[in-house]
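K.L.:
Each number in the working numbering comes from the position in the sequence shown (counting from 1) with 30 added on.
By construction, these hints were calculated from the structure, which means they are not laboratory data.
These figures come from a predicted structure and were not determined experimentally.
Please note: incorrect hints may appear among the correct ones.
[Unchecked claim] Quick list of the computed label-pair ranges, beta carbon to beta carbon:
no.: 1; residue 1: SER153; residue 2: THR238; range: 39 to 45 Å
no.: 2; residue 1: ASP412; residue 2: LYS256; range: 27 to 33 Å
no.: 3; residue 1: ALA311; residue 2: THR238; range: 55 to 61 Å
no.: 4; residue 1: LYS291; residue 2: THR205; range: 23 to 29 Å
no.: 5; residue 1: ASP156; residue 2: ALA311; range: 37 to 43 Å
[Stated by the list, open to error] Here are the simulated BS3-like pairs of lysine-lysine, each with C-alpha atoms no more than 27 Å apart in a straight line:
no.: 6; residue 1: LYS291; residue 2: LYS325
no.: 7; residue 1: LYS172; residue 2: LYS325
no.: 8; residue 1: LYS378; residue 2: LYS360
The C-beta atom is built at its ideal place from N, Cα and C for all residues, glycine as well.
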Amino acid sequence: MATNKKRNRKLRNLITVCALFAIILSVGTYAWFIGMKTVNVSQFEIEIATTEGLFLSMDGADWQYNLNVGTAHQYDGNTNTWATDGLIPMSTIGEADSTVSRMKLYEKASLTPSSGGYRLLTSRVDNYRTAATGSGALNQGKGYVAFDLFIKNLSGEEYYATNEPLNEEAIYLTTNSKVSVSTAGVENTGIENSIRVAFLQIGRVIGTTENAEIITGITCSNDDGKGVTGICRNAQIWEPNDTSHVTNAINWYNTACKVRKSSGTTVSDPASYNKGEDCTAVADSNAYPTYAVSKVINIADQVDVYDGEKYNTYTANTDTYENYLAASDKSTFKLIDFPYFTDTMKNKTGNDRPQFMTLAPNSITKVRVYVYLEGQDVDNYDFASLGKQISVNFGFTKERYTETDVDYHGPSTNITPTGSI
Numbered sequence: 031m032a033t034n035k036k037r038n039r040k041l042r043n044l045i046t047v048c049a050l051f052a053i054i055l056s057v058g059t060y061a062w063f064i065g066m067k068t069v070n071v072s073q074f075e076i077e078i079a080t081t082e083g084l085f086l087s088m089d090g091a092d093w094q095y096n097l098n099v100g101t102a103h104q105y106d107g108n109t110n111t112w113a114t115d116g117l118i119p120m121s122t123i124g125e126a127d128s129t130v131s132r133m134k135l136y137e138k139a140s141l142t143p144s145s146g147g148y149r150l151l152t153s154r155v156d157n158y159r160t161a162a163t164g165s166g167a168l169n170q171g172k173g174y175v176a177f178d179l180f181i182k183n184l185s186g187e188e189y190y191a192t193n194e195p196l197n198e199e200a201i202y203l204t205t206n207s208k209v210s211v212s213t214a215g216v217e218n219t220g221i222e223n224s225i226r227v228a229f230l231q232i233g234r235v236i237g238t239t240e241n242a243e244i245i246t247g248i249t250c251s252n253d254d255g256k257g258v259t260g261i262c263r264n265a266q267i268w269e270p271n272d273t274s275h276v277t278n279a280i281n282w283y284n285t286a287c288k289v290r291k292s293s294g295t296t297v298s299d300p301a302s303y304n305k306g307e308d309c310t311a312v313a314d315s316n317a318y319p320t321y322a323v324s325k326v327i328n329i330a331d332q333v334d335v336y337d338g339e340k341y342n343t344y345t346a347n348t349d350t351y352e353n354y355l356a357a358s359d360k361s362t363f364k365l366i367d368f369p370y371f372t373d374t375m376k377n378k379t380g381n382d383r384p385q386f387m388t389l390a391p392n393s394i395t396k397v398r399v400y401v402y403l404e405g406q407d408v409d410n411y412d413f414a415s416l417g418k419q420i421s422v423n424f425g426f427t428k429e430r431y432t433e434t435d436v437d438y439h440g441p442s443t444n445i446t447p448t449g450s451i
């Protein structure tokens, strides 16, 4: 009996937190490039499971080991949005808008074919202005999924009120996390390769907090009276399938993209491109950057969707994420080579496995989760809509090592408790 208790305790420590998220997206028509079309959502299912020491909630009051977003109670006044009118390709570098506790997203305002790609204009998705209803609530915009998830981490008794990641515990993306074409979809169209999942940490309170209004009301701002620590870090964004590129997406890119001359400052001028000179080759099984949109792009910005060293070789409109973060004036940046957390990183083993994010011990953290289509992804092309349906699944764990990493030969570690607190 003592041996069994010891073994169970060891397993609980080994699998401290595990989450599963599943979405079924049914694709109608879809294009960043040519039309303002959408990906329609016909079914939506989210299930999240944890082990001892970590609980989940959608309302800040009902805490569960296992959570189904479709049936879980959501707090009154929530601003969750489920893209019931369809997903619209957009772009972001995960920047947090601390004034409204939202992630900045940019959608296509205008797109015109150029001699070497497409001239791009963008506008900001309207998720930051007060709605016209007079309720004081914010608009949510359309074309993406976003919802509030509250995570209670009961690891340890100390609570760190300061916003310092070094005080926090590492969280890893599970190796079985994936985005794929569902069984009802059509394979080999590449629709699954443009999906992104972003996690924006808003703020947190001590884990013993029982007032649901305080928990659900957490914003990016510190509130000493309520014990709220504002976090509002730029979002961690997962890019699945970073090395997967279907043949038809590559063919589309090869046809549309032509080298842009370093002197070709006018995006709509045919003389700005080397006619007949193809862009840098893209091949399946290799990872390529996404030059994501960092601001509203106007006519004067002269941006082509294929701008970037790795595509049409034109670098005047692109920069690194490190330079963007270091700059005091960010208004001149346009397209950013964004450092996603990729499947390549997720699949690393042992000591090479990088952490995905961090959570403070003895805390309740408000996380806003976004699921969207990245329009600047090189795999984003018109015919991907034929894929019809995709499936999104991901999980978290506190453990860096898997059973294989440590040559584990014991009982099954796939143990998920039930119940609530």
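K.L.:
Indicate, hint by hint, whether the structure satisfies it.
P.N.:
Tested hints:
no., hint, in the structure
1, SER153 x THR238: 39 to 45 Å, "43 Å, holds"
2, ASP412 x LYS256: 27 to 33 Å, "49 Å, violated"
3, ALA311 x THR238: 55 to 61 Å, "57 Å, holds"
4, LYS291 x THR205: 23 to 29 Å, "44 Å, violated"
5, ASP156 x ALA311: 37 to 43 Å, "38 Å, holds"
6, LYS291 x LYS325, "24 Å, holds"
7, LYS172 x LYS325, "18 Å, holds"
8, LYS378 x LYS360, "33 Å, violated"
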